[in-house]
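Engineer: Take a look at the letters that make up each chain.
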Amino acid sequence: MMLPVQVLFSTGVIFIILLAVAALYCILFSRNLIRILIGLELLIKAVTLLIALAGYITGHMALAQTMIITLIVIEVVVIAVAAGIVIGAQRHNQSLDVRTLRNLKG
Amino acid sequence: MIFDILYLSLLILLLLAGVWTVMTLNLLKSAIGLAVTSVILSLLLFRMDAPLAGVFELSVCAGLITVVFISVISLTKPLAAAEARARDRSRVKRFIFLPILIVIVGAVLYALRPHLDLPLPPAGLETDVRQVLWNVRRLDLVGQILIILAGVFGIVILFKDRPDTKGEIRRTTDKDRTDTKEGTKS
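Chains A and B are the protein sequences, given in the same order. Residue numbers are given in our numbering: position 28 of the first sequence equals residue 28, and the series is strictly consecutive. Just add 1000 to the spot in the second sequence (first one is 1) and you have our numbering.
Among the hints, a few may not be true.
[As the list claims (entries may be wrong)] Below are the BS3-like pairs computed for lysine-lysine, each with C-alpha atoms no more than 30 Å apart in a straight line:
no. : chain 1 : residue 1 : chain 2 : residue 2
1   : B       : Lys1160   : B       : Lys1077
2   : B       : Lys1093   : B       : Lys1029
3   : B       : Lys1093   : B       : Lys1077
4   : B       : Lys1160   : A       : Lys105
5   : B       : Lys1077   : B       : Lys1029
6   : B       : Lys1077   : A       : Lys105
7   : B       : Lys1093   : A       : Lys105
[Claimed, not checked] Pulled a few chain A residues facing chain B out of the computed Cβ check, cut under 7 Å:
no. : residue
8   : Ile14
9   : Thr66
10  : Val81
If you're looking for bench data, these hints aren't it; they were derived computationally from the structure. Glycine included, each C-beta is placed from N, C-alpha and C at the ideal position.
Sequences and hints are given; from them, build the entire structure.
Structural biologist: Written out as structure tokens, the structure is:
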């Protein structure tokens, strides 16, 4: 019989994996650049929850919170720069479709 | 925290909000779904005794990033009605398998029920977040400052008006935009 802590962790991990699957599906099958960014955001949310859960289970919640704060800062910067690139690509190609981004095609 | 109904409900809501964010056809609704996902994640963080991380998630991810996404959506040109209908049909075909995939993966994971032998170190070594943030993980703060600076410079360079060949700075005016639209129509 599993301990309550292990039940808590394994249940959480199942939902985290499912959220990551949805996010990866969105990244892989979307053709819209904004939707790809949204998929990336969802993937980061799954990672955030995993760090929090691991910190809670191991009793190092302070360290986990520090990691999450660092992750959120990185996430904001990545999304802001990526949003700028998306706007630039849309102005250049008049489209948000990833299939129109063929400027670097060899 | 014991294994309780609220924790399980929040996890289910988080997954449903995430799947709805991916599946919905409207981009604006998708951005709002992402904000809802962030709010539910914040509630989970509060439930796990991580109030500081929860506040960050709520203010930055549910607030700031949603504003960034809505700004990007409003700054980009929407598709024409016929194009949008064709895109929606193609998207429904591609994303109809996602709920099925989620159910299958969930069933497999539940059947396997991963038994994780967690080595549990003594808890309470560092309990104060401020202590850890300012003393133990001091180098992380330097990294955060550098990343923020890199992001600021990146955005400045992306949106800088480039000088043309005559050395004059070319700025996009309303007249240029009108000309571009007329050229696109013709």
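Engineer: Which hints from the list above does the structure break, by number from lowest to highest?
Structural biologist: Every hint satisfied by this model.
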